[in-house]
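Undergrad: Chains as they are written, first to last, in the numbering used here: chain F, 1 to 168; chain A, 169 to 268; chain G, 269 to 646.
There may be inaccurate statements among the hints.
[What the hints assert, rightly or not] Over the 12 Å line for every Cβ pair with chain F, so calculated as not near, a few chain G residues:
(1) Lys301
(2) Arg309
(3) Asp343
(4) Phe348
(5) Val419
(6) Gly423
(7) Arg429
(8) Gly450
(9) Ile590
(10) Trp605
(11) Tyr612
(12) Met632
[Stated by the list, open to error] With a Cα cut of at most 25 Å, we get these calculated DMTMM-like pairs of lysine to aspartate or glutamate:
(13) G:Lys360 with F:Glu80
(14) G:Lys301 with G:Asp359
(15) G:Lys645 with G:Asp352
(16) A:Lys255 with F:Glu123
(17) F:Lys90 with F:Glu103
(18) F:Lys90 with A:Asp225
(19) F:Lys90 with F:Glu80
(20) G:Lys645 with F:Glu136
In case anyone wonders, no lab produced these hints; they're calculated from the structure.
Heads up, the beta-carbon is just placed ideally off N, CA and C, and yes, glycines get one too.
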Amino acid sequence: MDLFTFIILAILLVGSAMAVVLHPSPVYSALSLVVMMSLLAVYFLFLNAHVVGALQIIVYAGAVMVLFLFVIMLLNLQTESRENQQSEMKTSATILCLVMVAELAFFLGKGGGKLELQTSQQELPAGFGTMQALSERLFTDFVLPFEITSVLLLVAAVGAVVLARRQA
Amino acid sequence: MVPTHYHLILSALLFTIGAMGVLLRRNTIIIFMSVELMLNAVNLSFVALAQHWGSMDGQLIVFFVMAVAAAEAAVGLAIILMVFRTKETVNADELNFMRG
Amino acid sequence: MDPTTLLIDAVLVIFMFALVMQIAPLLLWIERKGSAVLQDRVGANRVSISDIPLFKGKLKKLPFNVGIVNTLIADPIKLFTKEDFIPPGADKLLHTLAPIVALVPALVTMMVIPFGDILIIGGREIELQAARLNVGILYVLAMVSLGVYGVVLAGWASNNRWALLGGIRASAQMISYEIAMGLALIGVVLTYGTLDLQEINRAQGGLILGGLPNWGIFYQPLAFLIFLTAGIAESKRAPFDLPEAEPELISGYFTEYSGAKQSIFMLVDFLESLIVAALITTLFFGGWQVPLLERDGLHFPWGGFMPLPHIVVVIIQVHAFIIKVLFFCWLQIMIRWTLPRFRYDQLMTLGWKILLPLALVNVMLTALVLLIAQNLKI
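Please build the complete structure, drawing on both the sequences and the hints.
TA: As structure tokens, then:
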């Protein structure tokens, strides 16, 4: 990924993230989040994470956000008025968040000294980020989390169906 | 090749925007979406570090985070629907059942 | 980037785009005439400009079919000159954006389908595939998932409760059948061991059991049936077209669209059935592979060999691909006009209770057979 691509993607990502948080209409907020997730998928492709990028679109942009949009449309949420939209702790929240981002940027950047993340340490192994490499790790070292995640998804699906059913 | 700390700073920025969304907005669904935004920011930093150290473990963790986030989104939205049925609102300030 | 590489990629993309945009109106004509043949009628065969009927009284003497003029020329002119109407109270941006959001994933999916083997021009080997991805199947699934947004936005942005209902039903149907599609494809991926569509296509060359072409359908028949059904449901064609059924919901999610936007939605309908047909050809029927034809000529099973120039081989293979794709599009059109429409609960039952378990059983059986085959060889 070269600097030019990074700058363009970063501006678009931050722009759509701000639109998610600040736009008064929930539908436009959700659509901005879809845009942000698709941009993130493109970002992942540039970072040699091919499978994760495709999965980002399949799972997040294609399923989770459709669910969000369904709920917003079923509840028929309209554009909100100014008073309803923002909480009372506007100033303190903004100050806290500015402090947080400054602190994180300092420590993740050059200020920490211990992390030394300025340059990439080594060449990437061949086939990095492809399905073969991912599944090799997934089914050998990570097989227990994999199985537990399957059970978790089953539990979540059953739970969602039970919760959303009309009490007969 | 962009230095890795650029990716991490971008991830921190997105995470903070998500945190701002959780604190500032009162619509429960938008709060939920801001949480998803924070999860995506964390995914970004995992993938960037996976590329930095040449290890697939970072991408695997992203895989699991996606699965768990999908499960959480399903259950959370079901809860919001249920709450809407009783209280007719999704404004977090008005959802104060246990008081009064 | 090398300008020659860019030029070659641009030419491949333009070729695929042109192919797709030519086949879609052709499919519309095949649909009108094919349905006419099935229903024992003639179909559209008259066209007139402002009450002056063309070819009046000469219909029986014309050697060619006037219906094609109707479909390919008159209908597009009519659709594009209709008034573009945004209903009052509707969200203007989303109403205009929805057809585009529906069109882009459908067009982009076609770019990963390989339409030929390599083409050697001046010592340079060009793979005849517009986008050479090593995660081709995942990409296709991703674009199919994104196709839901066009429908959902169209339903919402119309400010019409029947359009919204049609939109929600259509998207619920699409996401239900996406799962069965994905699981059916897992069987194919297990058999060929790769996600790259061109590699899967190449692996289907040659003959097995003395005579049968080595196509995917002989390895994965159940996956083919599941994928065909799920694909037809995904593109919302009959018998799964409840979301756009006329007696039920007028036009469902695109009720409030007229003119060019409506034609984009109809184009997307045909594009999706074209995508399903192209995927079925690539994964189950050998794609551009012609039995007995290798890169340098015809190899007969009794040992004979007929060398053919490279360009002839490429042309035969591309034509074979197009013929197979058109066959499956025709098959979908025939299915549409033969079967009655499903009721919504029958549709959901089929997707969740029948196709999903069958696809899972297919994956398990394939894995079992592959394990046994690997162990027997060792």
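Undergrad: Now, for every hint given, state plainly whether the structure supports it.
TA: Comparing the hints with the structure gives:
no., hint, result
1, Lys301, "36 Å, holds"
2, Arg309, "40 Å, holds"
3, Asp343, "32 Å, holds"
4, Phe348, "28 Å, holds"
5, Val419, "10 Å, violated"
6, Gly423, "8 Å, violated"
7, Arg429, "10 Å, violated"
8, Gly450, "8 Å, violated"
9, Ile590, "28 Å, holds"
10, Trp605, "31 Å, holds"
11, Tyr612, "16 Å, holds"
12, Met632, "14 Å, holds"
13, G:Lys360 with F:Glu80, "18 Å, holds"
14, G:Lys301 with G:Asp359, "38 Å, violated"
15, G:Lys645 with G:Asp352, "65 Å, violated"
16, A:Lys255 with F:Glu123, "57 Å, violated"
17, F:Lys90 with F:Glu103, "20 Å, holds"
18, F:Lys90 with A:Asp225, "39 Å, violated"
19, F:Lys90 with F:Glu80, "17 Å, holds"
20, G:Lys645 with F:Glu136, "23 Å, holds"
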